[in-house]
Amino acid sequence: MSEAIITEQLRREFRVDKEGKRREAFVALDGVDLEVNRGEIFGLLGPNGAGKTTLIKILSTLLTPTSGRAVVGGFDVTSDPYSVRRIINMVSGGEHSGYGILTVRENLWLFSQLYGIPNRVALERIDRLMDIVGLSDRARTKVHKLSTGQRQKMNFIRGFISDPEILFLDEPTLGLDVETSRVIRKYIREWVDGRPDRTVLLTTHYMAEADQLCDRLAIVNQGRILACDTPSALKRRVGQDSVLEIDVSAQAGRLQDLSGLSAKRGVRRVAISSDGQGALTHKLSVIVDGDGAIPGVLEFLAQCGAIVTGFKKTEPTLEDVFLELVGRRLTGENGSQVAHKG
Amino acid sequence: MKTDLKWHIRVNVKAAIARAYVRVVGTNREFSWIFFDTLLPLLGTAAYVYIYRAMDAPEEYVGFVLLGGAMTAYWMNVLWNMASNFYFERQGWNLELYFIAPISRMAILAGMAIGGMFMTTIRAGSLIVLGSLLFNVSFSVSSVPLVVLTFVLTLVALYGLGMLFSSLFLMYGREAWHTSNLLQEPVYLLTGFYFPVRALGFYIAIAASIIPLTLGMDAVRQLVFSHLHFGLLPVHVEIAGLGVLGVGLLYAAGVALERMERAAKKEGRLTLRWQ
Numbered sequence: 001m002s003e004a005i006i007t008e009q010l011r012r013e014f015r016v017d018k019e020g021k022r023r024e025a026f027v028a029l030d031g032v033d034l035e036v037n038r039g040e041i042f043g044l045l046g047p048n049g050a051g052k053t054t055l056i057k058i059l060s061t062l063l064t065p066t067s068g069r070a071v072v073g074g075f076d077v078t079s080d081p082y083s084v085r086r087i088i089n090m091v092s093g094g095e096h097s098g099y100g101i102l103t104v105r106e107n108l109w110l111f112s113q114l115y116g117i118p119n120r121v122a123l124e125r126i127d128r129l130m131d132i133v134g135l136s137d138r139a140r141t142k143v144h145k146l147s148t149g150q151r152q153k154m155n156f157i158r159g160f161i162s163d164p165e166i167l168f169l170d171e172p173t174l175g176l177d178v179e180t181s182r183v184i185r186k187y188i189r190e191w192v193d194g195r196p197d198r199t200v201l202l203t204t205h206y207m208a209e210a211d212q213l214c215d216r217l218a219i220v221n222q223g224r225i226l227a228c229d230t231p232s233a234l235k236r237r238v239g240q241d242s243v244l245e246i247d248v249s250a251q252a253g254r255l256q257d258l259s260g261l262s263a264k265r266g267v268r269r270v271a272i273s274s275d276g277q278g279a280l281t282h283k284l285s286v287i288v289d290g291d292g293a294i295p296g297v298l299e300f301l302a303q304c305g306a307i308v309t310g311f312k313k314t315e316p317t318l319e320d321v322f323l324e325l326v327g328r329r330l331t332g333e334n335g336s337q338v339a340h341k342g
Numbered sequence: 001m002k003t004d005l006k007w008h009i010r011v012n013v014k015a016a017i018a019r020a021y022v023r024v025v026g027t028n029r030e031f032s033w034i035f036f037d038t039l040l041p042l043l044g045t046a047a048y049v050y051i052y053r054a055m056d057a058p059e060e061y062v063g064f065v066l067l068g069g070a071m072t073a074y075w076m077n078v079l080w081n082m083a084s085n086f087y088f089e090r091q092g093w094n095l096e097l098y099f100i101a102p103i104s105r106m107a108i109l110a111g112m113a114i115g116g117m118f119m120t121t122i123r124a125g126s127l128i129v130l131g132s133l134l135f136n137v138s139f140s141v142s143s144v145p146l147v148v149l150t151f152v153l154t155l156v157a158l159y160g161l162g163m164l165f166s167s168l169f170l171m172y173g174r175e176a177w178h179t180s181n182l183l184q185e186p187v188y189l190l191t192g193f194y195f196p197v198r199a200l201g202f203y204i205a206i207a208a209s210i211i212p213l214t215l216g217m218d219a220v221r222q223l224v225f226s227h228l229h230f231g232l233l234p235v236h237v238e239i240a241g242l243g244v245l246g247v248g249l250l251y252a253a254g255v256a257l258e259r260m261e262r263a264a265k266k267e268g269r270l271t272l273r274w275q
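Protein sequences, first through last, are from chains A and B.
For the first sequence, counting from 1, position 290 maps to 290 in our numbering; every step adds exactly one.
For the second sequence, counting from 1, position 131 maps to 131 in our numbering; every step adds exactly one.
Just so you know, the hints here were simulated from the structure itself, not pulled from any lab data.
Since the structure is predicted, the reported quantities are computational estimates derived from the model, not experimental observations.
It is possible that part of the hints are untrue.
What the hints assert, rightly or not - Partial chain B-side listing against chain A, Cβ under 7 Å, derived:
1) V11
2) A15
3) G26
4) A101
5) P102
6) I103
7) S180
8) K265
9) R269
10) L270
Even glycine gets a Cβ: it sits at the ideal position worked out from N, Cα and C.
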């Protein structure tokens, strides 16, 4: 079996409290079909509330699906969770697991024992991993004295201690500095390449991380998978188009006029982000069919009374793919206004 | 299959030892327990000692109270560290990690119980030694092996009750510390921490025997102050009762844990920290 993870029409609903005593169903996952091959780093890319973490919780046997099926390493997560647990591990970004009164090394040893790892092997692995992520100097520090970043490093090590076949990484570099994030991404790549049956399922907000690290990606929004392919194939979806990043200065009352840009010939998508309500400066992300549409865009802006203060034509990124598929940007969600075509 | 069973046993034993390690090593790094868990309970116990002395009660009642005071430590440990354990582990992010590991949940609770028993025995022992020296208590033990057996059976049943509560608190304990507080004082009364439980009346005392401490303390007191006659039931009956309670509560804990895990996974309560 070459697939490490298979989901079929996976659906998960939560009952959430609404006003009064009424409880409503919130659909976190809505018919997710996914196949993750062994030996690949597979990314789930999507905004907050897209269902990424819910999917990981189901695959790691912490939640049962409302309907549908999920198979991890050949074992059904609902009917055979124990077999799944033997081959998986999970790291969540920003988690605060562990016991503050114990040292870093003691905490990591504790979690290694949950997988039956012999003491000598566990301690060797712990020392090696602490060395890799630069935590060796904190080995004998009590966990309650660690900084957030150091704690995150400890959690990252914990995920690798059991040398799992399938590792779930939920925002693994959240809160880490640039250099540590780079080291961690490099280690993930080397770890997967080190043995062909190792698989990583990774969720992230960071486009660059997804682009650099993932062999394949699924773009998730509102519990649905919108696209699934290699990062380069996804980018080719908007590859024939031009992506324009335009900074404009316009009066607040003209913002609505700017969204009319999406109706122009050759304009496929427009996203407008502002610093806040009533702001004078706005950032426009515009996907156009080709360079021929650029003069029309600039002419439209001039007609709206907007002054172009910055203009950049870029190569398509995953952010643009997201914009193309969802109709808004993944990053800078606050203050965004979206204009759809058609 | 045989290898699988061996691996299963090994991983669960290792998990239990690791969880016990947190309790034992962790607690020993905070020496405040000497004040909070030995000296403060001694003050509470001393109050009853002086009441009995003021009433000219038999001097054995002092030791009687001291035993009750020592057993308080176990009840506190069961309530605050066993019953609330999964609830607090969830708040601290550890519960998810225990639940995705290939181990029995009973292994984690057993580790917690072993660590808790070990540390609490040191505290309870300190209290008895210190109290005996301070108040000049003398014991007339009729059978040391029977005292040990009764004590062990009491702890097994008591921590079995803690394991059972653990899954209930996880599901229903929105505020675990409130539930613990709620159970604290009534149990002091119903189990006869500071008086012979027979004083509650036979039927109430029998009903209160569902709490293992009731029978356990009564049996230990009968064995340690063998010349007094205040027991609720004959010692051998109470020991048998403790055995039944131990097996029953451990079995119930296993079943409850399985059911609660299933329900919690369905409702998302293993992962939602605010519930």
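Closest C-beta approach of B:P102 to chain A relative to 7 Å, hint status: holds, 4 Å
Hint check, B:R269 versus chain A [nearest Cβ-Cβ separation less than 7 Å]: Violated. Min distance 10 Å.
Proposed interface contact between B:I103 and chain A, which counts if any beta carbon pair is under 7 Å: For B:I103, the interface hint holds, since the closest Cβ of chain A sits about 6 Å away, which is under 7 Å.
Evaluation of the interface hint that places B:K265 against chain A, nearest CB under 7 Å: Given a least distance of 5 Å, the restraint on B:K265 holds.
Hinted contact B:A101 with chain A - closest CB pair below 7 Å: Constraint on B:A101 satisfied, holds at 4 Å.
Hint check: 7 Å Cβ-Cβ cutoff, B:A15 to chain A: holds, 5 Å
Cut-off 7 Å, beta-carbon criterion: hint that B:L270 touches chain A: holds, 5 Å
Chain A contact restraint on B:G26 - CB to CB distance below 7 Å: Holds: closest Cβ of chain A sits about 4 Å from B:G26, inside 7 Å.
Hinted contact B:S180 with chain A - closest CB pair below 7 Å: For B:S180, the interface hint is violated, since the closest Cβ of chain A sits about 20 Å away, which is over 7 Å.
B:V11 as an interface hint toward chain A, with CB separation required under 7 Å: holds, 3 Å
Violated hints, listed in ascending order, are 7 and 9; each of the other numbered hints is respected by the structure.
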